[in-house]
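Using the hints, position chain B against chain A.
Read off the chains here:
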Amino acid sequence: SQQGEEDPQALSIQEGENATMNCSYKTSINNLQWYRQNSGRGLVHLILIRSNEREKHSGRLRVTLDTSKKSSSLLITASRAADTASYFCATGGVAGANSKLTFGKGITLSVRP
Amino acid sequence: ETGVTQSPTHLIKTRGQQVTLRCSSQSGHNTVSWYQQALGQGPQFIFQYYREEENGRGNFPPRFSGLQFPNYSSELNVNALELDDSALYLCASSYKTGGLETQYFGPGTRLLVL
Chain A
1 SQQGEEDPQA LSIQEGENAT MNCSYKTSIN NLQWYRQNSG RGLVHLILIR SNEREKHSGR
61 LRVTLDTSKK SSSLLITASR AADTASYFCA TGGVAGANSK LTFGKGITLS VRP
Chain B
114 ETGVTQSPTH LIKTRGQQVT LRCSSQSGHN TVSWYQQALG QGPQFIFQYY REEENGRGNF
174 PPRFSGLQFP NYSSELNVNA LELDDSALYL CASSYKTGGL ETQYFGPGTR LLVL
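First to last, the protein sequences are chains A and B. Position 97, counted from 1, in the first sequence is what my numbering calls 97; the numbers after and before it change by one each time, with no gaps. Plus 113 on top of the position in the second sequence (first one is 1) and you've got my numbering.
Because the hints were derived from the structure by calculation, they are not lab data. Just so you know, even glycine gets a beta-carbon here, dropped at the ideal spot from N, CA and C.
Label-pair restraints from in silico Cβ distances:
#1 B:T127 with A:G16: 45 to 53 Å
#2 A:D7 with B:G169: 24 to 32 Å
#3 B:T127 with A:T67: 41 to 49 Å
Some chain A residues flagged as far from chain B (calculated, every beta-carbon gap over 10 Å):
#4 L11
#5 E17
#6 N22
#7 R54
#8 K56
#9 A82
#10 T84
#11 S110
Isolated chain A, as found in the complex (with noise of 0.2 Å):
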């Protein structure tokens, strides 16, 4: 089963601008990451970020976190057309136990040049 809904399902944007993309999800987490897949290939983990933290940067990428609502975004900054691409959260289980990642059905996301 999904844990993970990101919203929206495809996003469409001219190259330069902002991303927003959204992710809920249902239980307690330990922590929440966001991978992007490039035409239906493999993932690339983008950015990690534990249950304790609210909010974190790694180059053009900022992810937030607000485990009182479920939820979590991850921003894009001047984007460019390599960054179009399948975007999805996943929530991880409790550290050294069983570390799945339980996926969300990801974004579409679509950068015009």
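Frame of chain A; chain B shown alone:
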């Protein structure tokens, strides 16, 4: 590049057949996880192996089985293939220390069952 490889890239099988998919983890990684991704969906956890022992399983029937070897390679075996098994199969390797671990995904094997 994540350092995780999978073979084959694509595979076509017929219903009822058996298939073995292979994954080579990053050197030193003691954990491998397998996921199934149907078209238009997010990956679904199949199972995880830690130090060659199964360490958790998702909602998949016993005809999905796996092996992990000491040389950082692993296999996913699916018996009695069904049409719904058509999907992208992803393996992910990680190093489990008791803390947070990042999973590094391979490029996947796309399986089509006819």
